[in-house]
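Asks: The opening position of the sequence shown corresponds to residue 10 in our numbering, with each subsequent residue numbered one higher.
Derived from the structure by calculation, the hints contain no laboratory data.
Remember, it's a predicted structure, so these values are computed and weren't measured experimentally.
Don't take each hint at face value.
Said to hold, decoys possible - Okay, the calculated beta carbon distance ranges per label pair:
#1 166 / 20: 43 to 51 Å
#2 47 / 122: 34 to 42 Å
#3 140 / 163: 15 to 23 Å
#4 144 / 47: 18 to 26 Å
Glycine residues also receive a C-beta, built at the ideal position from the N, C-alpha and C atoms.
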Amino acid sequence: MRELLTYKKTAIAILTAVKKPTVAIPAVGLVTFSSYQLGIFLLLFFMTLDFVTGVLASWILWKDSKAQSNFWKYGFSSRRLRLSVVKSVTYFLFILCAYSLETTFKLKPFGSTYTDHPVTITLVTIAIACSIELYSIFFENLRKAGFDIEKKVRTIFIKVKKVVTSVRELRDGDNNSTT
Numbered sequence: 010m011r012e013l014l015t016y017k018k019t020a021i022a023i024l025t026a027v028k029k030p031t032v033a034i035p036a037v038g039l040v041t042f043s044s045y046q047l048g049i050f051l052l053l054f055f056m057t058l059d060f061v062t063g064v065l066a067s068w069i070l071w072k073d074s075k076a077q078s079n080f081w082k083y084g085f086s087s088r089r090l091r092l093s094v095v096k097s098v099t100y101f102l103f104i105l106c107a108y109s110l111e112t113t114f115k116l117k118p119f120g121s122t123y124t125d126h127p128v129t130i131t132l133v134t135i136a137i138a139c140s141i142e143l144y145s146i147f148f149e150n151l152r153k154a155g156f157d158i159e160k161k162v163r164t165i166f167i168k169v170k171k172v173v174t175s176v177r178e179l180r181d182g183d184n185n186s187t188t
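I would like the entire structure built from these sequences, with the hints used as guidance.
Replies: If you want it as structure tokens, here you go:
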């Protein structure tokens with residue numbers, strides 16, 4: 010919460026920019042975000058992308074079923090929308106619980122040589138939620154929409170492997186013929 014107080018003057022400057030639009034650009038430039046805030050923004054972006062790709066996948070499945078009804082009336086169910094809201098609430102309660110544990114017990118960040126940010130339990134929970142959303146986007150929704158990332162990567166890997174083995178055979182064949 011103390012991070013939010015840092016942005017009080019900047020937020021007021023941005024909100025009053027309706028009367029003075031020249032104040033908005035410098036005020037936005039002064040905003041700096043903590044790693045928690047950046048992680049939450051990233052999670053919100055992934056959740057939005059997951060929702061959009063989920064709707065796209067259900068629309069493609071509905072279109073392929075040759076149904077004669079209206080998609081927005083019959084194909085887009087409120088049950089799935091409720092599940093998305095439940096998933097969002099669960100993610101943020103999970104993150105809030107981790108943050109509460111961290112602040113209640115005064116847990117220190119983990120030591121890490123891979124990042125400049127202090128790795129905390131809250132940051133790890135945000136990363137877990139982001140990874141679940143990425144999995145949902147790439148391996149569930151896009152697969153249902155007809156674009157199988159795993160299959161594409163596998164075929165690319167097989168082609169690269171064939172090229173590498175043929176180059177090695179050419180190189181090894183040239184070395185054997187000169188000796």
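Asks: Taking the hints in turn, state whether each one holds.
Replies: Now for the hints, and whether the structure bears them out:
1. 166 / 20: 43 to 51 Å: Holds, since residue 166 and residue 20 (Cβ atoms, about 48 Å apart) stay within the stated range.
2. 47 / 122: 34 to 42 Å: Between residue 47 and residue 122, where Cβ atoms are some 20 Å apart, the hint is violated.
3. 140 / 163: 15 to 23 Å: holds (21 Å)
4. 144 / 47: 18 to 26 Å: For residue 47 against residue 144, whose Cβ atoms are near 21 Å apart, the range 18 to 26 Å holds.
Going through the hint list in order, the structure does not satisfy hint 2, though it satisfies all others.
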